[in-house]
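Quick note, the sequences are listed as chains A and B, same order.
Numbering follows the numbering used here, with no gaps: position 117 of the first sequence is 577.
Numbering follows the numbering used here, with no gaps: position 297 of the second sequence is 757.
Don't read these hints as lab results, they were simulated from the structure.
A few of these clues could be false.
[Claimed, not checked] Partial pick of chain B residues on the chain A-facing surface, computed with a CB cut under 10 Å:
| id | residue |
| --- | --- |
| 1 | Q507 |
| 2 | G510 |
| 3 | L547 |
| 4 | H549 |
| 5 | Q573 |
| 6 | I575 |
| 7 | G578 |
| 8 | I608 |
| 9 | F774 |
[Unchecked claim] Negatives, chain A to chain B, calculated, CB over 10 Å:
| id | residue |
| --- | --- |
| 10 | T623 |
| 11 | R724 |
| 12 | S734 |
Because the structure is a prediction, the values reported are computed rather than measured.
Glycine included, every Cβ here is placed at the ideal spot set by N, Cα and C.
Protein chains: 2
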Amino acid sequence: MRIPRILEAYRESIEAGLARALEGDAPLRPTLRYHVGLENEHGAAAQATGKLLRPSLVLFAAEQLGGRPEAALPGAVGLELIHSFSLIHDDIQDRDRVRRGRPAVWTIWGVEQAINAGDLMHTLAVSTAFDASPAAAACLVRATQAMIEGQCLDLEYEHRDVTAEDYLTMIDRKTGALFRCAFELGGIAAGVDDRALALLKKLGQALGRAFQIQDDVLGIWGDDDLLGKATGSDIRRRKKTLPVVLLLERAEGDDAAALATFYRRREPSMADLSGSDAAWVAERLNALGVKAACETMVRQHLAEAGDRLRGLPFSDDARASMDELIGFLARRNQ
Amino acid sequence: MRIPRILEAYRESIEAGLARALEGDAPLRPTLRYHVGLENEHGAAAQATGKLLRPSLVLFAAEQLGGRPEAALPGAVGLELIHSFSLIHDDIQDRDRVRRGRPAVWTIWGVEQAINAGDLMHTLAVSTAFDASPAAAACLVRATQAMIEGQCLDLEYEHRDVTAEDYLTMIDRKTGALFRCAFELGGIAAGVDDRALALLKKLGQALGRAFQIQDDVLGIWGDDDLLGKATGSDIRRRKKTLPVVLLLERAEGDDAAALATFYRRREPSMADLSGSDAAWVAERLNALGVKAACETMVRQHLAEAGDRLRGLPFSDDARASMDELIGFLARRNQ
Chain A
461 MRIPRILEAY RESIEAGLAR ALEGDAPLRP TLRYHVGLEN EHGAAAQATG
511 KLLRPSLVLF AAEQLGGRPE AALPGAVGLE LIHSFSLIHD DIQDRDRVRR
561 GRPAVWTIWG VEQAINAGDL MHTLAVSTAF DASPAAAACL VRATQAMIEG
611 QCLDLEYEHR DVTAEDYLTM IDRKTGALFR CAFELGGIAA GVDDRALALL
661 KKLGQALGRA FQIQDDVLGI WGDDDLLGKA TGSDIRRRKK TLPVVLLLER
711 AEGDDAAALA TFYRRREPSM ADLSGSDAAW VAERLNALGV KAACETMVRQ
761 HLAEAGDRLR GLPFSDDARA SMDELIGFLA RRNQ
Chain B
461 MRIPRILEAY RESIEAGLAR ALEGDAPLRP TLRYHVGLEN EHGAAAQATG
511 KLLRPSLVLF AAEQLGGRPE AALPGAVGLE LIHSFSLIHD DIQDRDRVRR
561 GRPAVWTIWG VEQAINAGDL MHTLAVSTAF DASPAAAACL VRATQAMIEG
611 QCLDLEYEHR DVTAEDYLTM IDRKTGALFR CAFELGGIAA GVDDRALALL
661 KKLGQALGRA FQIQDDVLGI WGDDDLLGKA TGSDIRRRKK TLPVVLLLER
711 AEGDDAAALA TFYRRREPSM ADLSGSDAAW VAERLNALGV KAACETMVRQ
761 HLAEAGDRLR GLPFSDDARA SMDELIGFLA RRNQ
């Protein structure tokens, strides 16, 4: 799939900004450079950074709203570092051994130093954002708080019943907070008024919801998208993502009872679902039309993002770029 | 032992500030209130906060330098929250089950939520400091970075040989950073000039060294201080605190070889020293005069703190209060 312009235009300057924020041989810097994909685990240069979606949105919004991308860069880099810090700690919490196709930090440096690495990335993120402005740093700190609260809810949800509304509350924090922050940081760098800032946050919120729901769909249907079969590891790991929340709401009778048992996880150490149980859940997901329901929600939130976009003083060209990005996010397979 | 005035004068307002910063029923707030000692694990009010040494120093310095303690309070509370966040993560890393006589957060809420609790406390600390001023928040973020780097070095040291100089480098970050920050935050709230800020940081650094070395002594000789016998758990846990670093430097011949083996820990999971090995290390510590050497260093750093103090525009009364605090820290047994 062709990479959208928004993700190409700023990549080089964001990577340079990340390298500056994490340069030197102070403690754990090689670990942090490894994690963001600037180096391999032996300290040699690597090209393994992710999509850099969030910082690209910061710079795009700043530029379209009349700011200078350079002025917005430290905030953009700070935002990517916050996202990165959360992934380091997420991988420890979820016992995920692989991150973007490479060994997770904790599998190489141990859980203890991985906790420190996340903590250090967190604080470097805020100090980098200060280089943009105190307002950018304060904005990032607010978003970080919401993101962590979302992460708390996500873990809590593993141990209790969850409605679709609960789920949206959680992703608005866990994922939405950094998307809102991306557009807000762009607006702050461009010096827009409060009305525009409020619109930008709504745009970010809608985009964040679409992104996270799409992520949940990929976690179950992933690469086998063309076959429409549920095969992803999220089922075996009993993750209560949106497809499962909808499934639990839709199932009736014996199905409902069996599913409730599978998902009433009380012990963090409780084993994964067996292969046959997972296959049965996958079959139920397909039979009850859950995938289509999720995809409808993704489309609705992307449409809302498009509406919000039209309320902002973006050029036709900028709107086309955002539409291209939205199309990309809707069709992405990773 | 009588509580010094500095630790009594501000306790009430610091506790009120902590309660405000952690109020409400948003995710994990009860866990955070438990950790700082405002509540028990069931949410009932508790009186289990620690000495609150760092925030007391902020308010004391602010007031003595002509600032209003209320203006310094958010920075002081932010500093205590940073210290608290580090303890939550430390306890996970060290597998410490007890903190200030109560079960550590991870033993009650699990490692996953304890990681989140530390992360949330970290970000709430910075947002609280913003309520003082952006300069206070920036100062706190710098100190947090240094503290985490010190924590990284501390873990690294478990797996390599360490000199007394290495040790001081580590504690200047791990412990010293927050002590420097305490006085700096006081100075910022009072609006002092750069020369005074530099002196305040040196005062904090000297006090931080004395505090940490005293802590190391307590970790080995602890409650049995009167007997002068080394009995603490730090020996069994092979912690490379100053007494052990000095012991490794002083030991010769067969002793040196045996000690090197005990302390050349390569695996984080390596078992604690056996009781008889620990007793032998304790005996060597006493035979080679390590305790006296550490106590001399504590006295030297406290004397340096006293010297720095005389360069600052503190009243005679304030100097007497600081001397009282220094005496208390030198004689404390916890």
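These are the hints, each one checked on the structure:
1. Restraint check, Q507 of chain B versus chain A: the minimum CB separation of about 26 Å is more than 10 Å; hint violated.
2. A least Cβ separation of about 21 Å between G510 of chain B and chain A goes past the 10 Å threshold, and the interface hint is therefore violated.
3. The beta carbon of L547 of chain B comes no nearer than 12 Å to any beta carbon in chain A, farther than 10 Å, and the hint placing it at the interface is violated.
4. At its closest, the beta carbon of H549 of chain B sits 5 Å from a beta carbon of chain A; the interface hint therefore holds under the 10 Å criterion.
5. Annotation: Q573 of chain B was flagged as interfacial toward chain A, and the flag holds, the nearest CB pair being 6 Å apart, inside 10 Å.
6. Interface hint at I575 of chain B: satisfied, since its Cβ lies 5 Å from the closest Cβ of chain A, which is below the 10 Å cut-off.
7. The restraint placing G578 of chain B at the interface with chain A holds, with a minimum CB-CB distance near 7 Å, inside the 10 Å limit.
8. Interface hint at I608 of chain B: satisfied, since its Cβ lies 5 Å from the closest Cβ of chain A, which is below the 10 Å cut-off.
9. Because the closest C-beta pair between F774 of chain B and chain A is about 30 Å apart, greater than 10 Å, the hint is violated.
10. For T623 of chain A, the condition that its CB be more than 10 Å from all CB atoms of chain B holds, with the nearest at approximately 17 Å.
11. Separation of R724 of chain A from chain B is adequate, the least Cβ-Cβ distance of about 17 Å exceeding the 10 Å criterion.
12. The beta carbon of S734 of chain A sits about 23 Å from the closest Cβ of chain B, which is more than 10 Å, so the claim that it is off the interface holds.
The structure shown violates the earlier hints numbered 1, 2, 3 and 9.
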